[in-house]
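Visitor: Sequence:
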Amino acid sequence: MTTPSPWHLYLLECRNGSWYAGITNDLDARFAAHAAGRGAKYTRGNPPVRILASRGYPDRASASRAEWQLKRQPRARKLAWLQAPTSTLEIRAGGLDDPRVIALLQAHLAAMALHSPPESIHALDLSGLRAPGVSFWGAWHGDALAGCGALKDLGDRHGELKSMRTDAAHLRQGVAATMLAHLMATARAQGWRRLSLETGTAAAFAPAHALYARHGFEPCGPFGDYVDDPFSTFMTRTLDD
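The sequence shown begins at 1 in my numbering and counts up by one.
Careful: at least some of the hints might be erroneous.
Quick list of simulated restraints, FRET-style, between CB atoms [what the hints assert, rightly or not]:
| id | residue 1 | residue 2 | range |
| --- | --- | --- | --- |
| 1 | N25 | A113 | 28 to 34 Å |
| 2 | S64 | R38 | 20 to 26 Å |
| 3 | A32 | D59 | 30 to 36 Å |
| 4 | R60 | A204 | 27 to 33 Å |
Subject to a maximum C-alpha distance of 25 Å in a straight line, what follows is the list of computed SDA-like cross-link-like pairs (lysine to any residue) [to be verified]:
| id | residue 1 | residue 2 |
| --- | --- | --- |
| 5 | K71 | H215 |
| 6 | K71 | R50 |
| 7 | K71 | I23 |
| 8 | K71 | G155 |
| 9 | K78 | Y42 |
| 10 | K71 | P118 |
| 11 | K78 | A35 |
| 12 | K78 | G39 |
| 13 | K78 | H108 |
| 14 | K71 | S18 |
| 15 | K71 | D98 |
| 16 | K71 | A103 |
These are computed hints drawn from the structure, not numbers from a lab. No residue lacks a Cβ here, since even glycine has one placed at the ideal position from N, Cα and C.
Model the full structure from these sequences, guided by the hints.
Guide: Below, the structure written as structure tokens:
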């Protein structure tokens, strides 16, 4: 028996500045359908430019209930409501001494080594995550570590996403999207104006590219201390909105 894909509640920004909310069990395909004019009747005349936020749910019924709740929120509160961690997923700062965190970060580094040569791997190890200007968070389902992420202060109100990783047992449950929303909100709260990232170019990184693109990140050139590298993809977005 095939396990159904988790469902997602999403909030789109349309070309005319309006917002549209919906649910789907395939976020990438649904966004592509909206953009191609094959989505909802509303977005056929107002194509979306990006996904403002999304959240994963275990089934269609729970996603539908959340959609109803989201649509009852005034526009000024919709984005914050959707970006807020769910009651089952808690974002906690720190934890770098926790064996579960250490294991996930080791898995992250090992996965990078499968797809990029050593000189093209820029993921931070534990010492790098403890360095000044770097902040780390874990995403927890109770006592289970579902994922992690970090921010690095580059100066001049510019930050970098680091250590974005979802535990294998929690893939396709909205963990990365929730962590990304938290990191973006934190960066804004710190007064940063731009957020950038470096990731790989292999096919294994395609889901990461899609996630970042849905949240407004666009391809860019090297930033900070990076240089051009055929194994690196660079993306960035402003945080003015």
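Visitor: The structure should be examined with respect to each hint, and the outcome stated for every one.
Guide: Here is what the structure says about each hint:
For N25 and A113, the hinted distance range of 28 to 34 Å is satisfied, since their beta carbons lie about 32 Å from each other. Checking the proposed 20 to 26 Å range against S64 and R38 shows it holds: the Cβ atoms sit about 21 Å from each other. A32 and D59 have their C-beta atoms about 23 Å apart, which leaves the hinted 30 to 36 Å range violated. Between R60 and A204 the Cβ separation comes to about 29 Å, which falls inside the hinted range of 27 to 33 Å.
With a C-alpha separation of about 20 Å, the suggested pair K71 and H215 falls inside the 25 Å cut-off, and the hint holds. For the proposed pair K71 and R50, the alpha carbon gap of about 18 Å is at most 25 Å, so the pair holds. Proximity of K71 to I23 is assessed by CA-CA distance (about 12 Å); at most 25 Å being required, the pair is judged to hold. The hinted pair formed by K71 and G155 fails the criterion: a straight-line CA distance of about 38 Å is larger than 25 Å.
For the hint pairing K78 with Y42, the CA-to-CA distance comes to about 18 Å; that is within 25 Å, so the pair holds. Distance hint between K71 and P118 is unfulfilled; the C-alpha atoms sit about 47 Å from each other, more than 25 Å. The straight-line distance between the Cα atoms of K78 and A35 is roughly 22 Å, inside the 25 Å bound, and the hint therefore holds. For a cut-off of 25 Å, the pair hint linking K78 to G39 stands: about 21 Å separates their Cα positions.
For the given pair, K78 sits about 33 Å from H108 by alpha-carbon distance, which is inconsistent with the 25 Å threshold. For a cut-off of 25 Å, the pair hint linking K71 to S18 stands: about 13 Å separates their Cα positions. With a C-alpha separation of about 39 Å, the suggested pair K71 and D98 falls outside the 25 Å cut-off, and the hint is violated. Taking the CA atoms of K71 and A103, the gap is about 39 Å. The hint is violated against a cut of 25 Å.
Of the numbered hints listed earlier, those contradicted by the structure are 3, 8, 10, 13, 15 and 16.
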